Amino acid sequence: MADVTFSNVQKHFGAFRAVQDLNLDIREGEFVSLLGPSGCGKTTTLRMLAGLEFPTSGEIRIGDRVVNDVAPGKRDIAMVFQSYALYPHMTVGENIAYPLKKRGVEKAERARMLKDTADMLQLTPLLRRKPRELSGGQQQRVALGRALVRDPKVFLLDEPLSNLDAKLRGHMRAELIELHRRLGRTMVYVTHDQLEAMTMSDRIAVMEGGKLQQFAPPQEVYREPSNRFVAGFIGTPGMTIIDGALSGSPGAWRFDAPGISVEARHLGPDAAEGAASMGVRPEALTIGTGDTPATLRLVEQTGHENIVVVSIGDIRMTGRTTPDKVWSPGEEVMISIDPDMPHFFADGPNGKRLNAKPSPRGNEPSHSLSNLSEVSP
Amino acid sequence: MATRPKTLLERHYALLGLALIAPTVLVFCAVIVYPLISAIYLSLFSIFTPTLEGEWVGLANYRELLTSGDFWSALRVNLIWTIGTLTLQIVAGVGMALILHQNIWFRSLARSLILFPYFVSTVVAVLVWKWLFNDLYGILNHLMMTAGIIDWPIDYLGMMPNALISVILVGAWKYFPFVVIAVLARLQTIPDALYEAARIDGAGPVARFFDVTLPQLRDVLVVIIMLRAIWDFKEFDLIFLLTGGGPVNSTETLPLLVYKEAFALNQMGMASAYAVVMMLIMLVFMILYVRRTRSVDGA
Ligand SMILES: Nc1ncnc2c1ncn2[C@@H]1O[C@H](COP(=O)(O)OP(=O)(O)OP(=O)(O)O)[C@@H](O)[C@H]1O
Ligand SMILES: [Mg+2]
Chain Z
5 MADVTFSNVQ KHFGAFRAVQ DLNLDIREGE FVSLLGPSGC GKTTTLRMLA GLEFPTSGEI
65 RIGDRVVNDV APGKRDIAMV FQSYALYPHM TVGENIAYPL KKRGVEKAER ARMLKDTADM
125 LQLTPLLRRK PRELSGGQQQ RVALGRALVR DPKVFLLDEP LSNLDAKLRG HMRAELIELH
185 RRLGRTMVYV THDQLEAMTM SDRIAVMEGG KLQQFAPPQE VYREPSNRFV AGFIGTPGMT
245 IIDGALSGSP GAWRFDAPGI SVEARHLGPD AAEGAASMGV RPEALTIGTG DTPATLRLVE
305 QTGHENIVVV SIGDIRMTGR TTPDKVWSPG EEVMISIDPD MPHFFADGPN GKRLNAKPSP
365 RGNEPSHSLS NLSEVSP
Chain H
8 MATRPKTLLE RHYALLGLAL IAPTVLVFCA VIVYPLISAI YLSLFSIFTP TLEGEWVGLA
68 NYRELLTSGD FWSALRVNLI WTIGTLTLQI VAGVGMALIL HQNIWFRSLA RSLILFPYFV
128 STVVAVLVWK WLFNDLYGIL NHLMMTAGII DWPIDYLGMM PNALISVILV GAWKYFPFVV
188 IAVLARLQTI PDALYEAARI DGAGPVARFF DVTLPQLRDV LVVIIMLRAI WDFKEFDLIF
248 LLTGGGPVNS TETLPLLVYK EAFALNQMGM ASAYAVVMML IMLVFMILYV RRTRSVDGA
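Chains Z and H are the protein sequences, given in the same order. Using this note's numbering, you'd call the opening residue of the first sequence number 5 and step up by one each time. Using this note's numbering, you'd call the opening residue of the second sequence number 8 and step up by one each time.
Everything labelled a hint here was simulated from the structure, so no lab data went into it. Please read all numbers here as calculations on a predicted model, not as lab measurements. Worth double-checking, as some hints may not be accurate.
As the list claims (entries may be wrong) - The calculated lysine to aspartate or glutamate pairs, modelled on EDC-like cross-linking and capped at a C-alpha distance of 20 Å, are:
#1 Z:Lys106 to Z:Asp80
#2 Z:Lys361 to Z:Asp344
#3 Z:Lys105 to H:Glu203
#4 Z:Lys134 to H:Asp77
#5 Z:Lys157 to H:Asp158
#6 Z:Lys106 to Z:Asp155
#7 Z:Lys106 to H:Glu203
#8 Z:Lys356 to Z:Glu277
#9 Z:Lys356 to Z:Asp274
#10 Z:Lys78 to H:Glu203
#11 Z:Lys119 to Z:Glu98
#12 Z:Lys134 to Z:Glu98
#13 Z:Lys171 to Z:Asp197
#14 Z:Lys157 to Z:Asp274
#15 Z:Lys157 to Z:Asp344
Please model the entire structure based on the sequences and the hints provided.
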């Protein structure tokens, strides 16, 4: 059952189209991330769901109710702001209990709910402090507490971790996952950090330029990016995307680019001769053995592996090797591309995926994902 | 204190500091300390203003002042005027600031227009108001009679309590823009996210005002109230020009009384005594203000 639905939602600011043709069905209890580069319309989408911004057209539902004309306070949602937006003159306790007070929950009940929430978030010793007497992480928890305390239908979070340092962010990420598991509530989470999106979400909505690009579970977004933008956006280090051309016929496609010629397997019915692009994840590239000559450009040592950039003519590709290999920039090496692993896209910056479904040989999801989370800064 | 010998540079800086602060100190002494001391000194004499000749009377001026009805009546009028006009200034100022803070289309025009009363000179403002208030040809009476609200022209400035009310209203009109500017500046620094959070938490417009806006305005309001209280308390020109303290002495505040003693009754010594007492009363406000601003800074 869909818990949150966007149907053909548009949001224009004057002539600028911040969100276009958005269709999104979020299931009850699901953790959904809105992921995309800065300015792609994530916050706008979330704010429309919160009722802080009104869609230019289209319909937004929470449960079975169309909420286009429902005030934010009546939507049964709670929101955690990027800036936390704690009331500075109120104590932590008053901040958390405020939504209850405004909803006329009586005092004894309020105290009980406040206590439960404070215990859950380990805020009990801080209840009498003012927000300015708290650290960033503590403020973040208070903001979370204010959202959790009244058990709303949907939680909205706008980059709640972006003001924290890397270590605390990792910690809070784990806490949020745990919290979501325990509460089982629908959560919509805005982030531009793909590591957060990949590790926390049931499904990720990847957006770009106000448009939804793909809405799928993290592994599917990684393994079967629906278009060239998603392919390039997801993954660290990123996928190398090579412009070239497809030739041949179904069952016997080849992909050619200057200095590269590979057999294109696993193409679907949409494949056609002509301009196309090929995406190669670092793990699809073997460096040191193979049949294609390349020049080594850069070696980044991260400790547990080396990130290696090689070039073939003008094409630069990123791969990874074990740390014991010793390379020096400028060296000539042989490389090969695993023919089962590349992704193919139609021409253009948002060119559609051409691979057949289901995806080519596994791409070893667990391997890819663990690499992703370890490598991210 | 460590008695480490000062380096050349430190001594140099100390001298420089002294040199930089000296002009201010000298001017301060000339325009504030000297008049203050001489006022206190004069208040101990009985002086005939035109000749400035006088004889030592000690504290007699103060004794007379505290036992005369004039002082207490002026103090009463002064307090009514200050509290009345200040309250109106704050209420109108905050209200107008809230309106101007909204996204209304004529906002920038309105923002500049609203400053008009504050910038127009008191003399001009009083002339305009006297004309509006005039009982024979004033537009106020004319409009009210045309609208059928009143049958007879109202004497706004020549009768009580009309005169005091009129003075208070004109004072509020003249000085509320100051409150508007200060409050508006503060309003603009309140993050939108606080209001949005409050809306999501279920707070209506009234609750948002009392739970978000007002607490944020508290500090600036305290400072405004202190400053305006001091300024209103010693207001002279507006009241003097509008009613001259009349009818009889029913709008006569302490500053007007000082003026009357000094230049109408030619009692410079007595006038100085009034001025000194006034200063003592304002000292209370001033101490409150200084303490308050200090604690705000310290917070
Ligand atoms: N009130 C507004 N008026 C005009 N344009 C706006 C307004 N709010 C947002 N926009 C524009 O809409 C686009 C999407 O904004 P939005 O805040 O949703 O981006 P975002 O995806 O949250 O980006 P970020 O990661 O930087 O927060 C941006 O280009 C922004 O400039
Ligand atoms: Mg944003």
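Hints, verified against the model:
{"no.": "1", "hint": "Z:Lys106 to Z:Asp80", "in the structure": "holds, 13 Å"}
{"no.": "2", "hint": "Z:Lys361 to Z:Asp344", "in the structure": "holds, 13 Å"}
{"no.": "3", "hint": "Z:Lys105 to H:Glu203", "in the structure": "holds, 17 Å"}
{"no.": "4", "hint": "Z:Lys134 to H:Asp77", "in the structure": "violated, 51 Å"}
{"no.": "5", "hint": "Z:Lys157 to H:Asp158", "in the structure": "violated, 64 Å"}
{"no.": "6", "hint": "Z:Lys106 to Z:Asp155", "in the structure": "holds, 14 Å"}
{"no.": "7", "hint": "Z:Lys106 to H:Glu203", "in the structure": "holds, 14 Å"}
{"no.": "8", "hint": "Z:Lys356 to Z:Glu277", "in the structure": "holds, 14 Å"}
{"no.": "9", "hint": "Z:Lys356 to Z:Asp274", "in the structure": "holds, 9 Å"}
{"no.": "10", "hint": "Z:Lys78 to H:Glu203", "in the structure": "holds, 13 Å"}
{"no.": "11", "hint": "Z:Lys119 to Z:Glu98", "in the structure": "holds, 12 Å"}
{"no.": "12", "hint": "Z:Lys134 to Z:Glu98", "in the structure": "holds, 9 Å"}
{"no.": "13", "hint": "Z:Lys171 to Z:Asp197", "in the structure": "holds, 14 Å"}
{"no.": "14", "hint": "Z:Lys157 to Z:Asp274", "in the structure": "violated, 41 Å"}
{"no.": "15", "hint": "Z:Lys157 to Z:Asp344", "in the structure": "violated, 44 Å"}
Hint violations for this structure: numbers 4, 5, 14, 15, all remaining hints satisfied.
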